[in-house]
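Enquirer: Sequence:
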Amino acid sequence: MIITEARPAAQGSADLIRSAVVAGLITSFEVAAGAVVVEGSRLMLHGRTIAYARHGLGWTGAAQREPVCLRGLSGSGLVPESVSGSDDVDWVLALPGARLSELRGTMAELADVCQAWGSAVAALHRCGIPAGAQAPAAPRPWVLDPERLPRSMRQLPAASARAFVLRTLSSDRALRRTVDRVADRWTADRWIHGELSADRVLVQRTPEVRVRFVDLSIAGLGDPGWDLAGAVETVAELTGGSRAPWGSASEVCLRDYLLQGYRRAGGPAVVTAGTRALRVVGRAWQVAAALDQRATHPATMHPAAGYAGEATRLTRQLALARDLAERSARPGLVAA
1 MIITEARPAA
11 QGSADLIRSA
21 VVAGLITSFE
31 VAAGAVVVEG
41 SRLMLHGRTI
51 AYARHGLGWT
61 GAAQREPVCL
71 RGLSGSGLVP
81 ESVSGSDDVD
91 WVLALPGARL
101 SELRGTMAEL
111 ADVCQAWGSA
121 VAALHRCGIP
131 AGAQAPAAPR
141 PWVLDPERLP
151 RSMRQLPAAS
161 ARAFVLRTLS
171 SDRALRRTVD
181 RVADRWTADR
191 WIHGELSADR
201 VLVQRTPEVR
211 VRFVDLSIAG
221 LGDPGWDLAG
231 AVETVAELTG
241 GSRAPWGSAS
251 EVCLRDYLLQ
261 GYRRAGGPAV
271 VTAGTRALRV
281 VGRAWQVAAA
291 LDQRATHPAT
301 MHPAAGYAGE
311 ATRLTRQLAL
321 ARDLAERSAR
331 PGLVAA
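With the numbering used here, you'll find the sequence shown wraps up at 336, consecutive numbering, no jumps.
Worth flagging that the hints you see were computed from the coordinates, not collected in a lab. Hints may contain errors.
Here are the in silico distance ranges between beta carbons for each label pair [unchecked claim]:
{"id": "1", "residue 1": "315", "residue 2": "133", "range": "12 to 22 Å"}
{"id": "2", "residue 1": "81", "residue 2": "139", "range": "22 to 32 Å"}
{"id": "3", "residue 1": "206", "residue 2": "28", "range": "32 to 42 Å"}
Predicted model, so just to flag it, every value in this text is computed and none were measured. No residue lacks a Cβ here, since even glycine has one placed at the ideal position from N, Cα and C.
Build the full structure now, drawing on both the sequences and the hints.
Expert: In structure tokens form, the structure reads like this:
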């Protein structure tokens, strides 16, 4: 989202303001009184964000996917509600709470959050499709189709961190076999969020812990196991040491609370070692992309690039992915 300098609504964004009035979010009196401010697609009333504008209601692209998913999940209590305005604009209502990446607390408090989070993920996966409605299929993760990567991914500088991730995926025998197994088992019959990262999970702590999900740009019908594995990886990232949002809180303990909440709420998925291995590769790609963007030259994996800490984290992620891929060939389901 592009954020512009705050300005009174009367000085610009007339179409958005008209749409918000039609939707019943604001009144013409509030506009005239200067109580309404527009920042990019954000609508603020008396200094408080109340909604975000989403343009276009088609089925093409991520921006158009989200309104369709929000409508399909309306009334679930798991995602923001949306209302229609004028000029082909949907308004996504702002939710109270803090993102997981902003959340702090004692171990007991974080355990309660993780259990509620797992329960919310299960509720999402159990949501039905309203009669007569349609739901888009969630995009297949790129890591399941490494032979069909877009040109932008195939033509990276050889010394870049992202190219290092792709070479690892293509050269490791266990990972290649894992790709085949997980891709063959991919289903598209349950609502999924698609990327349960720490900035897309919103937690309201009072009067009781409540978890909801934002940014449904890659949501739709997909494999719930992929979603759950993403949540497991987010716990690992949040507890990744003193510089992580949750510091050195026990990853194993909080992961267990997450999965416990999911199971108790009737969640249909399990996390296999293979699915988690490919989830780790996907998160490693995100780390690599950030590393490449920060580096002054493409040799980001070389110590001379000046980002030894990030490079070490990346190599550890890929080592974990290889280990999980090896374990995935053994019988039994693994949730860690």
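Enquirer: Find the hints from earlier in the document that the structure breaks and name them by number, from lowest to highest.
Expert: Violated hint: only 1; rest satisfied.
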